[in-house]
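Trainee: So for the sequence shown, my numbering puts the first residue at 1; every next one is plus one.
These are computed hints drawn from the structure, not numbers from a lab. For each residue, glycine too, the CB sits at the ideal point set by N, CA and C. There may be inaccurate statements among the hints.
Unchecked claim - Using 30 Å as the maximum straight-line C-alpha spacing, the simulated DSSO-like pairs for lysine-lysine come out as follows:
| no. | residue 1 | residue 2 |
| --- | --- | --- |
| 1 | K97 | K69 |
| 2 | K276 | K158 |
| 3 | K158 | K100 |
| 4 | K97 | K124 |
| 5 | K124 | K70 |
Claimed, not checked - Using C-beta positions, here's what the derived DEER-type ranges look like:
| no. | residue 1 | residue 2 | range |
| --- | --- | --- | --- |
| 6 | K224 | Q378 | 22 to 32 Å |
| 7 | I90 | Y274 | 44 to 54 Å |
| 8 | L140 | I258 | 46 to 56 Å |
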Amino acid sequence: MTLFYSKKINQNSVSTYKLLIDDIQSGNELSRWNRLVSRFERNQSIFIARADNFEISEEANILFRPSLKKYDRNILCSEILRFLFKDILILTWKSFKLRKNLIHIHTFLINDYLYYSSIFRNTKALFLIQDRNLGRTNALKNYLFKKFGGIATSCVQKNILQHNAFGLFYDIDIFFSYGEKTAEDILDLGGRIECVYPVGSFAMESSLKLEKDASMEKSSKVEKIDILYIGINAITSNKTNWDGYYESIRWLSKISKIADFNRILIKHHPSWSYDKKEAEIIKDTNIEYYDKDADSYLIASRSNLIVTYGSSMGYELMGYGAKVIFLDPNNSNQFINNFVHDDKNVIYEYERFESLALNPNKPINAGDAIKPSDYCLQNDDISLAIYEKLLSLS
Numbered sequence: 001m002t003l004f005y006s007k008k009i010n011q012n013s014v015s016t017y018k019l020l021i022d023d024i025q026s027g028n029e030l031s032r033w034n035r036l037v038s039r040f041e042r043n044q045s046i047f048i049a050r051a052d053n054f055e056i057s058e059e060a061n062i063l064f065r066p067s068l069k070k071y072d073r074n075i076l077c078s079e080i081l082r083f084l085f086k087d088i089l090i091l092t093w094k095s096f097k098l099r100k101n102l103i104h105i106h107t108f109l110i111n112d113y114l115y116y117s118s119i120f121r122n123t124k125a126l127f128l129i130q131d132r133n134l135g136r137t138n139a140l141k142n143y144l145f146k147k148f149g150g151i152a153t154s155c156v157q158k159n160i161l162q163h164n165a166f167g168l169f170y171d172i173d174i175f176f177s178y179g180e181k182t183a184e185d186i187l188d189l190g191g192r193i194e195c196v197y198p199v200g201s202f203a204m205e206s207s208l209k210l211e212k213d214a215s216m217e218k219s220s221k222v223e224k225i226d227i228l229y230i231g232i233n234a235i236t237s238n239k240t241n242w243d244g245y246y247e248s249i250r251w252l253s254k255i256s257k258i259a260d261f262n263r264i265l266i267k268h269h270p271s272w273s274y275d276k277k278e279a280e281i282i283k284d285t286n287i288e289y290y291d292k293d294a295d296s297y298l299i300a301s302r303s304n305l306i307v308t309y310g311s312s313m314g315y316e317l318m319g320y321g322a323k324v325i326f327l328d329p330n331n332s333n334q335f336i337n338n339f340v341h342d343d344k345n346v347i348y349e350y351e352r353f354e355s356l357a358l359n360p361n362k363p364i365n366a367g368d369a370i371k372p373s374d375y376c377l378q379n380d381d382i383s384l385a386i387y388e389k390l391l392s393l394s
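Build the full structure now, drawing on both the sequences and the hints.
Mentor: Here is the structure:
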């Protein structure tokens, strides 16, 4: 089937760019890159997307390249021959010896090779950047990008490292991290990163939080919030044990019933899908869901206390001076990095959570002061910082 959808590509038809932005999955994501693209000039930048099921602006220079389709027929045929007459014999022997299906694993490597070779052979760039970091950096992609003339691959931090998930291993040349310590666990777990370069939150660059005058005017119209809980998409993965997350929601439910709070909100990411289990826990309480599409940074500025189980926004907001605490009811929260534990900014018992909620001005820990830049740098022009770092390599 892949051979049927392949095509013969003219080797002399090569497009060259300064910046290639990989793995775009929605129209909203395109706008996130506007500032960086304008630095490189639009005609010198190209987006790569696997699907074309979203709207794009006429200005966007985008190459739609679905998986298993439009592979270079010459590369595909040579790989099929090699697989049939060489690889499959070795893999079959090794699979029986190790009692593991290495052929299945090998098909993923072959597909990555075909996919990225077919793109990079005719769509070349000096720099590659992406913001999908959980399980989406790729040693083979990095090799092929540079084989066809690229200088460096890079990734913008978008998530907290989850210690028990598929995205444990990173392979990238430059990692543009939130803060000075947010990449430490990645390196401790064996990730290959040539350079960690803290720049701040790329997502916050285009938010109202950084448009200071507009934010101050709009935030004054938002009613004060006693507790803001920043949720996560617990229903998106059935491979993760979410017991601790739902227990933290029960803590929120419990405290709403015993204390006289005017407003307790749960704010989810715009991509969040309705969570029936979560909704059942907060039923018959005064806890409200806040509009998931509203600006999270804006309502955070009106909150007395911000809590989360594992949202990266916790890091982002701490970098801007907000008081955020991380909850770990079962002492098994895989979203909390080691430096957060070292800062004693993790709550394990409900009683301590209740004490902090009732006394929001009370220090979270009695030890050394928390350094905001460890979590996230304050930076009004992250795109400029990324642009200058990449340009310094050319």
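Trainee: For each hint, tell me whether it holds in the structure or not.
Mentor: Each hint tested on the structure:
no. : hint                    : verdict
1   : K97 x K69               : 34 Å, violated
2   : K276 x K158             : 26 Å, holds
3   : K158 x K100             : 34 Å, violated
4   : K97 x K124              : 41 Å, violated
5   : K124 x K70              : 17 Å, holds
6   : K224 x Q378: 22 to 32 Å : 24 Å, holds
7   : I90 x Y274: 44 to 54 Å  : 48 Å, holds
8   : L140 x I258: 46 to 56 Å : 55 Å, holds
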